[in-house]
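Protein chains in written order, with numbering that gives the first Met the number 0: chain A, 0 to 309; chain B, 0 to 334; chain C, 0 to 330.
FYI, nobody ran anything at the bench for these hints, they're computed from the structure. Possibly wrong hints are sitting among the right ones.
Said to hold, decoys possible - Sample of chain A residues at the chain C side, in silico, Cβ under 10 Å: (1) Gly199; (2) Met203; (3) Thr205; (4) Leu207; (5) Gly210; (6) Val211; (7) Pro212; (8) Arg219; (9) His220; (10) Asp298; (11) Arg300.
Glycine included, each C-beta is placed from N, C-alpha and C at the ideal position.
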Amino acid sequence: MLRFLAFRLSRSLLTLVLVVTFAFVVLRLSGDPALIIMSPDAPPEAVAAFRRSWGLDDPLWMQYLRYFTAILHGDLGNSMRDGRSAIALVGERIPATLALTLPALALKLGLGIPAGIYAALHRNSFADRAVMLLAVAGFTVPSFVLGLLLVLVFAVQLGWLPSGGQDTWMHAILPVITLGMGGAAVLARFTRSAMLEVLGQPYMRTALAKGVPWHVAVRRHALPNAAIPTVTIVGFMVGSLLAGAVVVESVFSWPGVGRLLVVAVANRDLAVVQCILLLVAATMITANLVVDLLYGVLDPRLRMGAREAA
Amino acid sequence: MSAPLLEAEGLVRRYTMRRGWLGRPVEVRALDGVSLTLERGRTLGLVGESGCGKSTTGRLVLGVEKPDEGAVRFEGAPLPPPGTAGWRALRARMQMVYQDPLGALDRRLTIGAQVAEPLEIHRLGADAEKVAALLRSVGLRPDHADRYPHELSGGQRQRAVLARALATDPALLVCDEPISALDVSIQAQVMNLLAEVQAARGISLLFISHDLRAVRQVSHRVAVMYLGRIVEEGEPDAVLHDPAHPYAQALVSAIPHPGRRGRRIVLQGDPPNPAARPTGCAFHPRCPVASARCVAETPALKPRPGDGRRVACHVAQGEIPAGQGIAAPQLREAA
Amino acid sequence: MAGPLVEIRDLTVSFDGIPALRGVDLAVGRGEAVALVGESGCGKSVTWLAALGLLPGKARVSGSVRLEGAELLGAAPATLDRVRGGRIAMIFQDPASSLNPVHRIGRQITEALRLHRGMDGAAAREEARRLLDRVGMPDARRRLEAYPHELSGGQNQRVMIAMALAGQPELLVADEPTTALDVTIQAQILELLQEIRRDTGMALVLVSHDLGVVAETCERVCVMYAGRIVEETAAERLFTGPAHPYAQGLLAALPPMHGPRRPLAAIPGGVPEPWAMPPGCPFAPRCPKAAAACDAGVPALGAVSPGHRAACIRPFAPAAAPVRAPELQPA
Numbered sequence: 000m001l002r003f004l005a006f007r008l009s010r011s012l013l014t015l016v017l018v019v020t021f022a023f024v025v026l027r028l029s030g031d032p033a034l035i036i037m038s039p040d041a042p043p044e045a046v047a048a049f050r051r052s053w054g055l056d057d058p059l060w061m062q063y064l065r066y067f068t069a070i071l072h073g074d075l076g077n078s079m080r081d082g083r084s085a086i087a088l089v090g091e092r093i094p095a096t097l098a099l100t101l102p103a104l105a106l107k108l109g110l111g112i113p114a115g116i117y118a119a120l121h122r123n124s125f126a127d128r129a130v131m132l133l134a135v136a137g138f139t140v141p142s143f144v145l146g147l148l149l150v151l152v153f154a155v156q157l158g159w160l161p162s163g164g165q166d167t168w169m170h171a172i173l174p175v176i177t178l179g180m181g182g183a184a185v186l187a188r189f190t191r192s193a194m195l196e197v198l199g200q201p202y203m204r205t206a207l208a209k210g211v212p213w214h215v216a217v218r219r220h221a222l223p224n225a226a227i228p229t230v231t232i233v234g235f236m237v238g239s240l241l242a243g244a245v246v247v248e249s250v251f252s253w254p255g256v257g258r259l260l261v262v263a264v265a266n267r268d269l270a271v272v273q274c275i276l277l278l279v280a281a282t283m284i285t286a287n288l289v290v291d292l293l294y295g296v297l298d299p300r301l302r303m304g305a306r307e308a309a
Numbered sequence: 000m001s002a003p004l005l006e007a008e009g010l011v012r013r014y015t016m017r018r019g020w021l022g023r024p025v026e027v028r029a030l031d032g033v034s035l036t037l038e039r040g041r042t043l044g045l046v047g048e049s050g051c052g053k054s055t056t057g058r059l060v061l062g063v064e065k066p067d068e069g070a071v072r073f074e075g076a077p078l079p080p081p082g083t084a085g086w087r088a089l090r091a092r093m094q095m096v097y098q099d100p101l102g103a104l105d106r107r108l109t110i111g112a113q114v115a116e117p118l119e120i121h122r123l124g125a126d127a128e129k130v131a132a133l134l135r136s137v138g139l140r141p142d143h144a145d146r147y148p149h150e151l152s153g154g155q156r157q158r159a160v161l162a163r164a165l166a167t168d169p170a171l172l173v174c175d176e177p178i179s180a181l182d183v184s185i186q187a188q189v190m191n192l193l194a195e196v197q198a199a200r201g202i203s204l205l206f207i208s209h210d211l212r213a214v215r216q217v218s219h220r221v222a223v224m225y226l227g228r229i230v231e232e233g234e235p236d237a238v239l240h241d242p243a244h245p246y247a248q249a250l251v252s253a254i255p256h257p258g259r260r261g262r263r264i265v266l267q268g269d270p271p272n273p274a275a276r277p278t279g280c281a282f283h284p285r286c287p288v289a290s291a292r293c294v295a296e297t298p299a300l301k302p303r304p305g306d307g308r309r310v311a312c313h314v315a316q317g318e319i320p321a322g323q324g325i326a327a328p329q330l331r332e333a334a
Numbered sequence: 000m001a002g003p004l005v006e007i008r009d010l011t012v013s014f015d016g017i018p019a020l021r022g023v024d025l026a027v028g029r030g031e032a033v034a035l036v037g038e039s040g041c042g043k044s045v046t047w048l049a050a051l052g053l054l055p056g057k058a059r060v061s062g063s064v065r066l067e068g069a070e071l072l073g074a075a076p077a078t079l080d081r082v083r084g085g086r087i088a089m090i091f092q093d094p095a096s097s098l099n100p101v102h103r104i105g106r107q108i109t110e111a112l113r114l115h116r117g118m119d120g121a122a123a124r125e126e127a128r129r130l131l132d133r134v135g136m137p138d139a140r141r142r143l144e145a146y147p148h149e150l151s152g153g154q155n156q157r158v159m160i161a162m163a164l165a166g167q168p169e170l171l172v173a174d175e176p177t178t179a180l181d182v183t184i185q186a187q188i189l190e191l192l193q194e195i196r197r198d199t200g201m202a203l204v205l206v207s208h209d210l211g212v213v214a215e216t217c218e219r220v221c222v223m224y225a226g227r228i229v230e231e232t233a234a235e236r237l238f239t240g241p242a243h244p245y246a247q248g249l250l251a252a253l254p255p256m257h258g259p260r261r262p263l264a265a266i267p268g269g270v271p272e273p274w275a276m277p278p279g280c281p282f283a284p285r286c287p288k289a290a291a292a293c294d295a296g297v298p299a300l301g302a303v304s305p306g307h308r309a310a311c312i313r314p315f316a317p318a319a320a321p322v323r324a325p326e327l328q329p330a
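If we strip away everything but chain A, and leave its shape as in the complex, we get:
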């Protein structure tokens, strides 16, 4: 178990280093922050001074090294726009994002999984076809289209809900639905096929043959097995709690991490972009690690050091 954890942790660290490096290189090569932040008609001396003060005139490898050592000391740098610490800037946006993504995750799980199970248990019924039709629609429609559609209907036409902003919980309803529907659709389809696969397994027949009532067999024998593949998708969804709302936050002008990222990229605000990327990568990696550990809990065949049956 320890060996496994050590192995996974070292791999996660390597992934983080790669993310940091990649982000650094891409951002530095894609434009000069000094020219974007300073107004285009700023005097050359001012631009040079800006460069000097942010260390942008050093060779790239030196900047990278400096940046990397700072990260190791827990310093992700300061925003080039207002000079505040990038961590603080990003940190204050996290609650807003979670206020959207957590309810959306609940919606995905609460809607997608039961719908998938129901569809599988009533295969080829009207309900099954309806669920699958909705599911296909749910994940083929991009979230910005769905978001705009919802705004048009519920905010503009009916005037029931606000179209943007973050003032009351009412403001969160449309973005949460927009965020949740796609995931619920994916989960419903996935759960359905996992359940169908499991329901056709010989051990289900065995359970029925030994007199287990159908609903008990479904609960006790089918669900635990169907959960194994489903966990992968759920893990991915948990991993994207922070980063998954970029588009929706922009559509609904919701002041979360996603919108901060869009603005920071447009401004070449390196420290902020890198801070967000690092945060997103870290949540992704943690979620993956948890999924791997969960596999071991759910599936004894994958359990570490499975006792030797001797």
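Since the structure of chain A is provided, determine the placement of chains B and C on it from the hints.
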């Protein structure tokens, strides 16, 4: 007399396997010194239970895999390394027939196209007439060439696989459980077909099977394998009517017979795990006549005094009297 | 004299309109060992899955299956749940995938004990251990904690048998119980089934494609072809004097263990597809003795001699059709 078609000498094949997810790598000896000889136009039957190495032997003999030790000679010359031009040329002379005919055929191609494929690969000229002749030689009709695998019955598919294998006019056919996926009435058809093909073309067959009846039906010689070794070898009727090795005896006695009740040697324990090979004679934990020497010393496969039967057993060789069996402290189970 | 334990009458099954079972009549007496033999697709497994209501929902089943007079077809789910694993238990071909991979062996056995014998907790565990011991599982107590993937195929089949015995069934239906196992393990399992039958007096239905397995284990054999029983007789009788040409053909196609090796008398052709059945006897197109009359209608299962029935208009005539009986002496 020319050299045998195929000779294998001391074949050893090891795999490393991980137990569990990140378990310690364990060395598995799939083959532990197998030697065999196959004469032209003859059939060697290879019998044994799962994990005994009979399929691995088939792959090594074809040169699909390289042995870790030992060598294979085909028509008197060593097999060229896999992937070389020489090896590819030789592949036309050696073909393989697998257990599952549906898996061995490409379901998107017609039977005709699949039979023609080896002709194209080896540039032997793939005309419709040749394909039709091949199909006829395995008891299919030329119009079967336009069908797809799923349109044929199990027996017809195995015939199609055989037609494809015969396309390059091979000298050796390795058949790995060619009939076990088929129904009883179809098995007989395929066994008859193999015998006909052999008589007509003088092909040598390596017939790998767990079915002793089938092996007796088609083989000129039989080798019984246990945990990567040949434990007994000889004429089919000699080995199957009067087996010398205790494992061969148990195997023969396990064949269900109409009319027989009781009087069977029922082996205790599970088929052994190649990753946890017992010392000495690998069969000793399940052997009813094992004694101390069987734990300590691996018996060699050699002719037995008296009738010259090749058997690898201290007791059958008369070197030691029959023991009472070794009560293994704990039988290793196959995981 | 009481009636049979299980009586199946005119059982038919179809999937999506394609018939799989075309009218099966079969009775199993108390303590009797009956075999159903035939090739894949003949309906031998479907018969018992249908009888116990274990077929998928799209299957259309008709006819009658009575357990001591009580109808099982269309019975309430609760009634069926009590019968399944209770009075009639079933084990299957592939023991490894027939056990739930995420539950421990012990839990899977105690589940049956709770359902059918109301046992719980320590008592159930103790009984589960006793059952594992009973089926010859070494180190039974520790094996309760094992998962199916930690056991070999033979051991998993023993677990399946232990689970089947948990409900103290009057009938065990074993559907190809040894097909996925090695020969020496097959011998162990067959031996175990015999032993249990001797000890408990339970009836056994063995579904198999292997005539040898059937011959050793059962007293009575039913040969099935294309969804019907075509011959029914005592086991010895089937091997010495089969009446139906299909049964004769099956025996003749079996490679002998003794005597000269000749080409096998293979049955030509293949089983007809269920959607393209011949008009009369389904075996007629492959039958060496077929005549025009065979196409007139499906022959009924008629008595050839007492206790021996065959569905053939011209069943076995000893003088006319000598059949090579496989060797009856043990090797």
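Hints, one by one, checked against the model:
no.	hint	in the structure
1	Gly199	holds, 8 Å
2	Met203	holds, 8 Å
3	Thr205	holds, 5 Å
4	Leu207	holds, 6 Å
5	Gly210	holds, 4 Å
6	Val211	holds, 7 Å
7	Pro212	holds, 5 Å
8	Arg219	holds, 8 Å
9	His220	holds, 5 Å
10	Asp298	holds, 6 Å
11	Arg300	holds, 5 Å
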